[in-house]
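Chemist: Listed below, chain by chain, are the residues.
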Amino acid sequence: MANVMIQVENVSKAYRRDSFEIPVLNNITLNVNEGDFLGLMGPSGSGKTTLLNLIAGIDRPNKGSIHVGGTDIATLNETALAKWRATHVGFIFQFYNLIPVLTAYENVELPLLLTSLSKAERRKHVEFALDVVGLGDRIYHYPKQLSGGQEQRVAIARAIATDPTLLVADEPTGDLDKNSAEEILTLLDRLNKEFKKTIVMVTHDPRAAEKAHTVRHLDKGELT
Amino acid sequence: MRILKLMFKNTLRHKLRTFLTILGIGIAVMAFGFLRTVVTAWYAGVEASAANRLITRNSVSFIFPLPLAYKDKIAKLPGVEKVSYMNWFGGVYIDKTQFFARMAADPETALDVYPEFIVPADQLAAFKNERNACIVGADLAKQYNFKIGDVIPMEGDIYPGKWEFVVRAIYQPRDKTVDGTQMWFHWAYLDERMRQEMPGRAGQVGWYIIRIKDPKDAAKISEEVDNIFQNSRAETKTETEAAFQQGFVAGTGLIISLLNFMAFVIIGIIMLILGNTMIMSARERTKEYAVLKTIGFSGSHLTKLIAGESIIISLLGGGLGIALTYPIVGLFSLVVPKSWFPVFYVEPMTLLLAGSSALLVGIVASLFPIQRSLRTSIVDGLRFVG
Numbered sequence: 001m002a003n004v005m006i007q008v009e010n011v012s013k014a015y016r017r018d019s020f021e022i023p024v025l026n027n028i029t030l031n032v033n034e035g036d037f038l039g040l041m042g043p044s045g046s047g048k049t050t051l052l053n054l055i056a057g058i059d060r061p062n063k064g065s066i067h068v069g070g071t072d073i074a075t076l077n078e079t080a081l082a083k084w085r086a087t088h089v090g091f092i093f094q095f096y097n098l099i100p101v102l103t104a105y106e107n108v109e110l111p112l113l114l115t116s117l118s119k120a121e122r123r124k125h126v127e128f129a130l131d132v133v134g135l136g137d138r139i140y141h142y143p144k145q146l147s148g149g150q151e152q153r154v155a156i157a158r159a160i161a162t163d164p165t166l167l168v169a170d171e172p173t174g175d176l177d178k179n180s181a182e183e184i185l186t187l188l189d190r191l192n193k194e195f196k197k198t199i200v201m202v203t204h205d206p207r208a209a210e211k212a213h214t215v216r217h218l219d220k221g222e223l224t
Numbered sequence: 001m002r003i004l005k006l007m008f009k010n011t012l013r014h015k016l017r018t019f020l021t022i023l024g025i026g027i028a029v030m031a032f033g034f035l036r037t038v039v040t041a042w043y044a045g046v047e048a049s050a051a052n053r054l055i056t057r058n059s060v061s062f063i064f065p066l067p068l069a070y071k072d073k074i075a076k077l078p079g080v081e082k083v084s085y086m087n088w089f090g091g092v093y094i095d096k097t098q099f100f101a102r103m104a105a106d107p108e109t110a111l112d113v114y115p116e117f118i119v120p121a122d123q124l125a126a127f128k129n130e131r132n133a134c135i136v137g138a139d140l141a142k143q144y145n146f147k148i149g150d151v152i153p154m155e156g157d158i159y160p161g162k163w164e165f166v167v168r169a170i171y172q173p174r175d176k177t178v179d180g181t182q183m184w185f186h187w188a189y190l191d192e193r194m195r196q197e198m199p200g201r202a203g204q205v206g207w208y209i210i211r212i213k214d215p216k217d218a219a220k221i222s223e224e225v226d227n228i229f230q231n232s233r234a235e236t237k238t239e240t241e242a243a244f245q246q247g248f249v250a251g252t253g254l255i256i257s258l259l260n261f262m263a264f265v266i267i268g269i270i271m272l273i274l275g276n277t278m279i280m281s282a283r284e285r286t287k288e289y290a291v292l293k294t295i296g297f298s299g300s301h302l303t304k305l306i307a308g309e310s311i312i313i314s315l316l317g318g319g320l321g322i323a324l325t326y327p328i329v330g331l332f333s334l335v336v337p338k339s340w341f342p343v344f345y346v347e348p349m350t351l352l353l354a355g356s357s358a359l360l361v362g363i364v365a366s367l368f369p370i371q372r373s374l375r376t377s378i379v380d381g382l383r384f385v386g
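Sequence lines, in order, name chains A and B.
Using our numbering, the first residue of the first sequence is number 1, and each one after it goes up by one.
Using our numbering, the first residue of the second sequence is number 1, and each one after it goes up by one.
If you're looking for bench data, these hints aren't it; they were derived computationally from the structure.
Source: prediction; values computed, not measured.
Be aware that a few hints might be false.
Here are the in silico distance ranges between beta carbons for each label pair [claimed, not checked]:
#1 A:H217 to B:L20: 49 to 59 Å
#2 A:Q145 to B:L258: 51 to 61 Å
#3 A:R207 to B:R13: 35 to 45 Å
#4 B:I363 to A:K83: 24 to 34 Å
#5 B:L20 to A:H213: 51 to 61 Å
Using N, Cα and C, we set each Cβ at its ideal position, and we do this for glycine too.
Just chain B, with the same shape it has in the complex (with noise of 0.2 Å):
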């Protein structure tokens, strides 16, 4: 403690260039963070999952389509409390580039098996009582000014036609991991003009969401759901809901992997940064070190004294990157639609990882400089012409 002083006198004897590294490792853990929470909005889904969902999907492809006469036979299953069960939609609204998740929903027990969408009762009651009433998110309600009564019209793709959708809820994510940028509809509304329009889609749903009682019969009741209709004309996998949802981005993990790999390439870069620094100083200290040495300072005095500045300076650029993180995601949620990446923000884990990141580099940084100054002699230091 009592050489704090001279640490910090070290840390700003050349302010510029200590300015310089700070600014250096500010701005890299600033690409850090934000890296990082594109990486895990990347995942949000994944690590949004309930244990206690299962998710059962055609076997051939999540595209094909499940008999609606499944869903009693998964409900009758021990261990099952809720089954319900969805359709993608797709469809256009306003433009193709305006894209956020709209999907035909069980109104009856859809909020059973998500209960992280928070929706008021009496709104719950109006969208329920409706055919063609609608539920959004209150971040795509922002996004696009929803309000309760609007009717939001849509060209349909996969099932073609021309549809409107009248905004009866709007439901508040739990907390921010859960997306709030999804619309859902009665299943009962797009089924019924399948029936008139195009038969042979009638009845089907695109998958279940199967709610169990305990996260530990997962594989069990995956396997039974299976069992019951193996040699079926539709044949089922269930997994869990983070399996299905690793799933969808497991075909970007190259691009994930590559950006992670980006990350981790900046703290090689702030420990060049932080090392180039270091090492100048400690080269222009030798004489000091030497002199220290001379007076009765030990080789751990020095240790402090040298890994202490490189910790400072790193601390506070990895202060200052953290600092800068939060406006630059904000920023970038202000650019990009909230629907691209509808759970996007600086996680706890992110901030750890910064901050330890700065602190190893810190540390690191100073290992040279250290055993440079402790294994020059007292004589050759005080020799030593900078």
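With the rest of the complex left out, here is chain A (with noise of 0.2 Å):
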């Protein structure tokens, strides 16, 4: 049996804009075991990307607790905290967020220099990560030089670069044509696969919930 990787227990979110509290997540349990694929699906505003966040440690809870591979995170500084999500996690946004003037190889390069490894060692990851997306021909493109599927591809390699155990996604396939979101999911879907990355997916999209072993629904910061 898997071990348990994400264990949220009685996890409640709200924010604050300006005098209103604006609850998002209500007392939500939720367990990820080692090597799933989770999927999140629910309407605009029903918490899934907070409840996204707050799995990879970019934002705290207002209350509960949030495990991941042992540890607490609501716990940890922010120092703590970023060093952390650096080695545990790797992100996936919907748009990409690439940095416009680094080319290919130094984006998938930018999580790795917060390492000890040498230039060497990491032209070593991060030509094997863009191998891995199918890209190892493109590394000194600039994102304005790729599609967008293209940019998606190397925002997954800077995910993966420094080979974390947590895949994190959000809307990975939202801004994508049809073939391009395909291949995104494949390829996640390989990831989780072949490489055994747990990954948890936040997305709209029916055909790319297919892709995950789970599919949590939430409504109104619940889960349903």
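The two chains are supplied separately, each in an independent frame; assemble them into the complex guided by the hints.
Modeler: In structure tokens, the structure reads:
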């Protein structure tokens, strides 16, 4: 039986906007096993991205605990949390979020700059990651010289460059045409099956959700 | 060091904006350097003053003379090495706009108290041996094309009449802090005319220059000199050469203060130029900084990234400004007669001030964008629409 990798227990989250407190997540409890591919679905404003952000350690819950790989990430300070993210989590965004002045190679190298790897070792990692996403021949291209699908693949290469155990993807196909979206989903599927990455993906797209092993629905801040 | 590449690439992201910012900083630093050079030139006399020189003048005013007889009394004081004297001659050469310092000096002692005026031995001997000989500074000689043997005709004003001086020596300033635009002639030549034409003005000197053994004794010797002539017909005021020179520029203090103020206003302008650029850049990159934080970059990484970019721009602008200061100062020197600002050059301190101001501006201009990027949460940053 697979180990539990992500344990979300009784997590609540609300945002303050001026004098208003807007509840987003209410008492969420969720477990994700190692090697799982979880799809989070739900209407806009249901709290999918907020839950993803909490799991990835880029936001903090108001209540409850989140353990990822045995670490209670809600208790880590900012610096420790940044280090933890750099080591354990790869991020894939809807709009790729590549740095426009850096080449594909340099974008993928970014998270590796935070490690103690030598330049040669970093090169090995970058080339491997770009080969995995099928862009080994585009390493010196800038984001503006790539299609949307290719940009997202570079973003995936950046996410896997440090070989994290967890990949979080927020609407990874939301900005892509059907064919590119299919390529990205196939790639995520491969990363899950071949490279044993645990993936948590937020999506609106039922076709994307089909790739997930488990699909959970959120509505008004609650898991259904 | 690893984020240096990103820092440089960010700097060049908006090439035109960066170029204009660097140019703006460059022009401002140049203006700062130029104003500081003018201020420095104004105080050149004070700066170039020797610590072991005292000046004794009439206590009422510089324009009132002192008897020549004071010389020997001063020379006898312990700690005094040499005493010389001078008179301000004034006069008109060509027309009243052609100004340079013309002074009657004692040829036997003047160069002993002013060793920074370097004169070849043969020229010095020729100067001493001829009653109406004069010695001119190399810069003055260059300005008016004076050569050894040339006669300089002059119309007297303080000392009326027609005067002629023969150039017998050209002195070289020891370094660029020394005025190379002065003209000295024999005090005796002036005095003998006064004996013949205005006997009441004979035997009078404008001021004494006293070389002392130990600068630490300056206050004590000054007091002793003034005590000797207390209650005499011409009481004296003795002070260090620096204090004496300061007295000349004190009257223009307000203008100099304004120039100084302007120089520092310019630093404020640079800060606004760069601050504006950095705020725009950081704002545009809010999402990118959030992405960097997401993938593990810490606050210190972002601080280095933003401050580094700001410092690169400010130092490039500072470097450009410093490079431009030299031709501007050179051009000013060509346009303005040398005798107006005898010592006019870009001081190392001006360069240091300009460079360090640029660096400081780079750091300060990055503070707000750094604070903003650190305070923006990752979630808000990722949602940011610029």
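Chemist: Confirm or reject each hint.
Modeler: Outcome of the hint check:
Checked against the hint of 49 to 59 Å, the pair A:H217 and B:L20 passes, with Cβ atoms roughly 53 Å apart. Distance hint check for A:Q145 and B:L258: the Cβ-Cβ separation is about 55 Å, which falls inside the suggested range of 51 to 61 Å. Taken as a hint, the range 35 to 45 Å holds for the pair A:R207 and B:R13, whose Cβ atoms sit roughly 37 Å apart. A hinted range of 24 to 34 Å holds for the C-beta pair B:I363 and A:K83, which are about 27 Å apart.
At roughly 55 Å, the beta carbons of B:L20 and A:H213 sit within the given window of 51 to 61 Å.
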